[in-house]
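Enquirer: Spelled out, the chains give:
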Amino acid sequence: GAGVSQSPSNKVTEKGKDVELRCDPISGHTALYWYRQSLGQGLEFLIYFQGNSAPDKSGLPSDRFSAERTGGSVSTLTIQRTQQEDSAVYLCASSPKALGGYTFGSGTRLTVV
Amino acid sequence: GQNIDQPTEMTATEGAIVQINCTYQTSGFNGLFWYQQHAGEAPTFLSYNVLDGLEEKGRFSSFLSRSKGYSYLLLKELQMKDSASYLCAVRDGGSARQLTFGSGTQLTVLP
Numbered sequence: 195g196a197g198v199s200q201s202p203s204n205k206v207t208e209k210g211k212d213v214e215l216r217c218d219p220i221s222g223h224t225a226l227y228w229y230r231q232s233l234g235q236g237l238e239f240l241i242y243f244q245g246n247s248a249p250d251k252s253g254l255p256s257d258r259f260s261a262e263r264t265g266g267s268v269s270t271l272t273i274q275r276t277q278q279e280d281s282a283v284y285l286c287a288s289s290p291k292a293l294g295g296y297t298f299g300s301g302t303r304l305t306v307v
Numbered sequence: 004g005q006n007i008d009q010p011t012e013m014t015a016t017e018g019a020i021v022q023i024n025c026t027y028q029t030s031g032f033n034g035l036f037w038y039q040q041h042a043g044e045a046p047t048f049l050s051y052n053v054l055d056g057l058e059e060k061g062r063f064s065s066f067l068s069r070s071k072g073y074s075y076l077l078l079k080e081l082q083m084k085d086s087a088s089y090l091c092a093v094r095d096g097g098s099a100r101q102l103t104f105g106s107g108t109q110l111t112v113l114p
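From first to last, the protein sequence lines stand for chains G and B. Numbered per the working numbering, the first sequence spans residues 195 to 307. Numbered per the working numbering, the second sequence spans residues 4 to 114.
Hints may contain errors.
[Said to hold, decoys possible] Derived DEER-like restraints, expressed as beta-carbon distance ranges: (1) B:68 / G:214: 26 to 36 Å; (2) G:265 / B:16: 44 to 54 Å; (3) G:272 / B:43: 18 to 28 Å; (4) G:196 / B:8: 17 to 27 Å; (5) G:212 / B:79: 26 to 36 Å; (6) G:196 / B:79: 22 to 32 Å; (7) B:70 / G:307: 48 to 58 Å; (8) B:41 / G:307: 39 to 49 Å; (9) G:207 / B:43: 39 to 49 Å; (10) B:80 / G:274: 45 to 55 Å.
Hint data in this document are derived by calculation from the structure and do not stem from the laboratory. Since the model is a prediction, treat every value here as computed from it, not as a measurement. Here a beta-carbon is modelled for each residue, glycine too, at the ideal position from N, C-alpha and C.
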C-alpha cells in the first residue's frame, strides 16, 4: 500500500481482556517495528522484525505482550489480560532495509478501562 | 544502554529561527534521526545524520557532532504549522536496528 496501515485506530477494552492490534507495512519493506507512546512520553521500543530472521523481542515489557509477522508482511501485536498501564498509542513502522529510516503508521490508541 | 536528552518545551515567533538541541550517550553510534509529530498524528521523518556536519533540507537543517554526542535541528522562517513535537532518535552501533527516541521537544510557534 501507499503507507503503513494500522487497525483499529481506536480500541477501548476492559481490564483483563485480550486485544490484537494489526499493522500492514509498506509493500516490500523488510523491517517492521512496534513502539508505544504513553501520554507525554517518548516512543518506547517493543519489538523488531527483519525478513525471516528471529524477531528482536528485547523491548516487550512483559510476557503478556507478543507479536508475530506472517509471510514477512502483516504483523499482529497481542496484549493478553490487559492492564490500565497498557493504555497508550501503539505505533507500527516499517523500512525498506534494516538500517533505513522509518515510515510510521497512524497508530492504535488503546484505552483500558 | 542509551540516554537521549532534549528540552521539553520551546516557544518561538512566526518568521524567526529556532534551534532544538539533542545530546546522547550511547554504547555505539549508527545514525541520528529527527522526526516531527503533530498532536494525534504519526511521527514523520525530517532528517538523518551519520557523519559530522550540517545537512540542509529547505527550511530545516540538522547538525551532528559525534565526538560531543550532540545534534541540533534548526528551523528557519518559522510558520504556525511548525508547532509540533520534535523527536531526536539514535541508532546505536551494535546489532540493534531499532531507534531509541528522546521524549521530544514541544515547539509552539506564536503569531
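Enquirer: Hints first: check each against the structure and report whether it holds.
Expert: Now for the hints, and whether the structure bears them out:
Distance hint check for residue 68 of chain B and residue 214 of chain G: the Cβ-Cβ separation is about 44 Å, which falls outside the suggested range of 26 to 36 Å. In this structure the hint that residue 265 of chain G and residue 16 of chain B lie 44 to 54 Å apart at CB holds, the actual value being about 51 Å. The given range of 18 to 28 Å is respected by residue 272 of chain G and residue 43 of chain B, whose C-beta atoms sit roughly 25 Å from each other. Distance hint check: the CB atoms of residue 196 of chain G and residue 8 of chain B are about 35 Å apart, inconsistent with the given range 17 to 27 Å.
Our hint of 26 to 36 Å for residue 212 of chain G and residue 79 of chain B is violated, since their Cβ atoms are close to 49 Å apart. Between residue 196 of chain G and residue 79 of chain B, the C-beta spacing of about 30 Å keeps the proposed range 22 to 32 Å intact. At about 49 Å, the CB distance of residue 70 of chain B to residue 307 of chain G agrees with the hint of 48 to 58 Å. For the pair residue 41 of chain B and residue 307 of chain G, the supplied restraint of 39 to 49 Å is violated, since their beta-carbon distance comes to about 27 Å.
At about 20 Å, the CB distance of residue 207 of chain G to residue 43 of chain B disagrees with the hint of 39 to 49 Å. The given range of 45 to 55 Å is respected by residue 80 of chain B and residue 274 of chain G, whose C-beta atoms sit roughly 49 Å from each other.
In summary, the numbered hints that this structure violates are 1, 4, 5, 8 and 9.
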